[in-house]
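Those protein sequence lines, which keep their order, are chains A and B.
Residue numbers are given in numbering that gives the first Met the number 0: position 69 of the first sequence equals residue 68, and the series is strictly consecutive.
Residue numbers are given in numbering that gives the first Met the number 0: position 219 of the second sequence equals residue 218, and the series is strictly consecutive.
One thing to keep in mind: the hints can contain errors.
What the hints assert, rightly or not - Within a straight-line C-alpha distance of at most 30 Å, the following computed DSSO-like cross-link-like pairs (lysine-lysine) qualify:
#, chain 1, residue 1, chain 2, residue 2
1, A, K474, A, K287
2, A, K130, A, K175
3, B, K133, B, K212
4, B, K117, B, K168
5, A, K494, A, K507
6, B, K240, A, K46
7, A, K537, B, K157
8, B, K180, A, K657
9, A, K507, A, K537
10, B, K45, B, K157
11, B, K79, B, K45
12, B, K120, A, K180
13, A, K431, B, K117
14, B, K157, A, K657
15, A, K657, B, K240
16, B, K180, B, K120
17, B, K168, A, K151
18, B, K81, A, K217
19, A, K350, B, K212
20, B, K212, A, K474
21, A, K631, B, K81
22, A, K373, A, K287
23, A, K287, A, K372
24, A, K373, B, K120
25, B, K79, B, K117
26, A, K474, B, K89
27, A, K537, B, K168
28, B, K33, A, K537
29, B, K120, B, K133
Hints listed in this document are in silico derivations from the structure and should not be mistaken for laboratory results.
Treat the numbers as computed from the prediction; the structure is a model and nothing was measured.
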Amino acid sequence: MNKRQLAILIAALFVAGPALAQVAGDDAFRSTGSVTAGGIYTDTSGKDLSKFQEYQDLNNGMLSNIYFMGRNSKSWIDAYGENFGRDDMYVNIRGGMYDMFTARAYTNWLPHNFLFNGLTPFTGSGSSDLKATFPSPNTAVWQPLDLGYQRKDTGGSFEWQSYSPWYFRVDGNQVKTQGTKVGAGSNGLSPGNGYTDLAIPVQYETNNVTGEFGYATKTMTLSASYLASNFGNANEFVTWNNGFFSNGIDKTYLPPANNYQRVALNGTWRQLPLSSTLAVRYTWDETKSDATLGTSVLTTPPAGTTGPFYGAIDPSSPTFNGDQERQTFTLGWAATPLVGLDTRVYLNWQKMNNNSTHVEFADGGENELWNYKKENAGFDVYYRINRGNRIGGGYDYNHITQNRFDFDDTKSNTLWAEWRNTSLDTLTARIKYSYLDRSSNFLLNNAGANANDPLFMERFVRAFDLADLTQNRVKLTLDWAPTDNIGVAVEYIWKDNDYGDTTLGRTKDTRNEIFANLTYGAPTSWRVSLFADYETIKYDSYHRFVGVGSCNATTGPNCYDPNSPASASSYNWSANVDNENWLIGLGVDYPVNERFMLTGSVLYEQTDATSDMSAQNNFGNPLPLNQYPNVKMTSLNLKGVYRFDKNWSVTAGYAYQKYDYSDDQFNGYAYTGVPPTAAANQQSYLNGWNAFQSYDANIFYVLGTFRF
Amino acid sequence: MRSRSALAVAGIVAFVAVFLAFPTMAQTQKVDTKPVCANCHEQAHKSIDLGPHGAKNDATGSMCQACHGEASAHLKDPTKAKPQGPLTNKAATAGEKTGVCLTCHAGSRHLTFWESGKHAKNEVSCSNCHNIHKEAGPVVVAPFTTSFRANEADVCGKCHQQIRSATLKPSHHPIIEGKIKCSDCHNPHGALTPVMLRAETVNQQCYSCHTDKRGPYVFNHPAVEENCLSCHNPHGSVYAKLLNEKPPNLCQDCHDVARHPGTVYGAAAGFQNPSGAPGVNPTVNTRFIARACLNCHSNIHGSNAPGHRGQFFLR
């Protein structure tokens, strides 16, 4: 949508308002609304302001918004638009005729910025063809680079209700995403040859259409819907000169176009025996994606060369036909068989068939076609003992069968209990405890012929998403309202995951979180909200390093067994990641007088994250990571609204934001010369993403509003 | 491209034009009359007058009484007799309060799974979230945004404090910016999926926006297919890309084989020389700095690249 089209749209809204308001008669269309316009000015310091503008357009310029709401006894309209012509524009118009139809049209623009003022040795960033000649050690001749994309979601809906209880509804939208995002590619075929940051082109378009019809009454709701969604990517891949391969043209594959369709059947029956409600849902969906398969490592080798590393890795099929089909069935029965007894029984069933092409490549690569079946059932029971006490409990069973290479069968059992007390009129307290036990059938217990076989180590590695797990979780909430104007809320969560059978991998993670909130609000006076949050999150893991491809005299025999003696080339080590977060917020709404309203808030957040490591005999000399990362965020937001009369008001605001980011993975950042001792064709080329995020910003804005 | 945009604008203009015609169509409809309740409760009347509740109201205040209870005694002696509906009764349970709303709204398609949802089970009533008479919303504590709309997350955050805290972290979905709503993913009116997700599974929910991640790829990352939440926290994280943990640690929690996946990466692997000497650290490790494992394994969600390049998500 260009600026001219925007002007037409805004003009139409302006015309509509007064025109509607002018209609007189016994059933006049009554309306209200506002038109706001003003400007924003920002004063910033920082090398990369992409974090400041991550999701918003905060450039100097005009701010605007329009609101309109009106109705008569038969029809209604509700429209709002803001930030016209800016990258974060939003327009939403809803309306309809009571008991006949509702309709909506909207557009929602979202910038997503990743990097400002970066550098790249490539020309053509944003396109699917990145060109450079390596080595390129002189950053002074590199190109400036910004990474980010603009997402525009435009759509609408229409629902016909005239033949109630029957209804029919159509939703449709188009999402266009244009720009670049963060990416990279390893220089060589094996690790250790450096890498090169790439600007990945983003030219996506997704079109979604959903049709739904149904029958909805107070006692029964039935509906059937069909969704068709198409994702298109203008670029199948991005090509780039790879310095490791003497500037041969390399190729990074981008998300393939896909078609998705889904059928859903929903039903709910209420007022059944035992004061129960039965809810049922069945869905079927399918995702398809076709691709022509590449046959060699490089698209084009350097001129005059045909080295073996450009050679064939021919697939067993010239094309890949991706096809995943899923079905789900869910049933929930909620009943109140006795006064004070509230129960629910549920069943979830899911199945995924992967009908995609199985492909084998000449280099040994082979795709795994993942299929699964998930069965979940459980119940909840709540019983109100008396007016002040309610207890609850439940059980959940989960069973996953799949053809994953490491686990094929997973069962988990969860038990939970809670007690809610409202004995005191001013206090509500709830404590909930849950216990989860998960066990999986591990398929790699016999991996590797013996402890001198690299595969042997897989016997000890467990992926934490399916590894055997014992989880304990406690949640405590307190809501205290000593007076009508004061509210105190406290929430405490403790969660402990213990991956007991894991030798190598994540062994434990623990969360401790406490959140406190205080609010005060006098009906006609000032209101305040104060909160303080503190949380610690810890991840413990255990690993084994073997620095060679096969056991030798340095490592000693059986080096792939974590129980074997440590050496400088093969040893166990552990990591303890500790993440400590603070957040304090204060907000105030203060009506100075009938005309003047002041609002303000201040937020301060701090994260201190570390990783402490230890190794057998201190081999590898692991030094702790003390900024992993450390973050401090401060934001101040002040706004005053002065009303001159019932029509006119002015809003003025000031905001301050400060973001300090320090990270051991970026401190001392270098665009190239990494590592300094590497050969020229093994150097890495970086673009500055995430390295210089810290910023200070002062934001000023003034807006005038006319209400009608 | 240009014609599509023009079409979209024309559609929106036509949409507005349709509503211009409504007043004419409505001339024969019933007359709007101020309810008797407005004589004393003027502000309460004004707050609903232009909304759907006001549209169905009449001179007797039938819509007022539909929610607040029968008021004939109250009309005779406003000081002594008050309507006895659950909404004005402090002792009423959440279920009783919700029952008032369901009197009319039980047939709404949005409430199809209300009874199966966590809010119903945890005694959350409609009025805990919906502000019918437009009283002042929660005091907003948030960084500056260019959006002047009320933010749904401020309402949800009153109870879900852990989530509110997460959305304020450096890496987050654009929730506090008002570009994504809690209800885009969760159905507060009830759902059959755990945590009241709108979609059947976590991944299907994520794919509804992240359509580029749907694949199917030649090489799929099992952890991605299992559950996006294995690696990401959708509400917010201190780590980039809403990751639960920082790479390489996150990757090493599942992957440990000979050579680099099992290598210990400490401060000596960073750009900065641990001794404080100037220049790039001679022992800097490209598998630790910046995005760590993702520097090379950049297509971690899946890849169509051939052979091992795709299998290991390198291209």
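Hint by hint, here is what the structure shows:
Using a Cα cut-off of 30 Å, the hinted pair K474 (chain A) and K287 (chain A) is violated, with the two alpha carbons roughly 42 Å apart. Of the pairs offered as hints, the one joining K130 (chain A) and K175 (chain A) holds, with about 26 Å between alpha carbons and a cut-off of 30 Å not exceeded. At roughly 40 Å between alpha-carbon atoms, K133 (chain B) and K212 (chain B) are farther apart than 30 Å, so this suggested pair is violated. Our distance criterion of 30 Å between C-alpha atoms is met by K117 (chain B) and K168 (chain B), whose separation comes to about 26 Å.
A threshold of 30 Å between alpha carbons decides the hint, and for K494 (chain A) with K507 (chain A) the separation of about 11 Å falls inside it, so the pair holds. For a cut-off of 30 Å, the pair hint linking K240 (chain B) to K46 (chain A) stands: about 21 Å separates their Cα positions. For the given pair, K537 (chain A) sits about 27 Å from K157 (chain B) by alpha-carbon distance, which is consistent with the 30 Å threshold. Pair hint K180 (chain B) plus K657 (chain A) holds up; C-alpha atoms about 25 Å apart against a cutoff of 30 Å.
Annotation: proposed proximity of K507 (chain A) to K537 (chain A) holds, straight-line Cα distance about 8 Å (limit 30 Å). A threshold of 30 Å between alpha carbons decides the hint, and for K45 (chain B) with K157 (chain B) the separation of about 26 Å falls inside it, so the pair holds. In summary, the hint linking K79 (chain B) to K45 (chain B) is supported, as the alpha carbons are separated by about 25 Å, within the 30 Å threshold. Only pairs whose Cα atoms come within 30 Å are accepted, and K120 (chain B) paired with K180 (chain A) is rejected, the gap being roughly 42 Å.
Distance check on the hinted pair: K431 (chain A) and K117 (chain B) sit about 14 Å apart at the alpha-carbon level, within 30 Å; holds. Taking the CA atoms of K157 (chain B) and K657 (chain A), the gap is about 26 Å. The hint holds against a cut of 30 Å. With a C-alpha separation of about 20 Å, the suggested pairing of K657 (chain A) with K240 (chain B) holds against the 30 Å cut-off. In summary, the hint linking K180 (chain B) to K120 (chain B) is supported, as the alpha carbons are separated by about 23 Å, within the 30 Å threshold.
For the hint linking K168 (chain B) to K151 (chain A), the alpha-carbon distance of about 25 Å falls within 30 Å, and the restraint holds. At most 30 Å may separate the alpha-carbon atoms for a hinted pair to count; K81 (chain B) and K217 (chain A) meet this at roughly 29 Å. Distance hint between K350 (chain A) and K212 (chain B) is fulfilled; the C-alpha atoms sit about 20 Å from each other, no more than 30 Å. A distance of roughly 34 Å separates the Cα atoms of K212 (chain B) and K474 (chain A); the hinted pair therefore is violated under the 30 Å criterion.
For the hint pairing K631 (chain A) with K81 (chain B), the CA-to-CA distance comes to about 53 Å; that exceeds 30 Å, so the pair is violated. Simply put, K373 (chain A) and K287 (chain A) have alpha-carbon atoms about 22 Å apart, close enough for the 30 Å limit, and the pair holds. At most 30 Å may separate the alpha-carbon atoms for a hinted pair to count; K287 (chain A) and K372 (chain A) meet this at roughly 20 Å. About 25 Å separates the Cα atoms of K373 (chain A) and K120 (chain B), which keeps this hinted pair within 30 Å; it holds.
Distance restraint check for K79 (chain B) and K117 (chain B): the Cα-Cα separation of roughly 39 Å exceeds the 30 Å cut-off, and the hinted pair is therefore not satisfied. Note on K474 (chain A) and K89 (chain B): the hinted pairing holds, with a Cα-Cα distance of about 27 Å set against a maximum of 30 Å. With a C-alpha separation of about 17 Å, the suggested pair K537 (chain A) and K168 (chain B) falls inside the 30 Å cut-off, and the hint holds. Between the alpha carbons of K33 (chain B) and K537 (chain A) the distance comes to roughly 61 Å, so the proposed pair goes past 30 Å and is violated.
Using a Cα cut-off of 30 Å, the hinted pair K120 (chain B) and K133 (chain B) holds, with the two alpha carbons roughly 26 Å apart.
In the structure shown, a violation is registered for the earlier hints numbered 1, 3, 12, 20, 21, 25 and 28, in ascending order.
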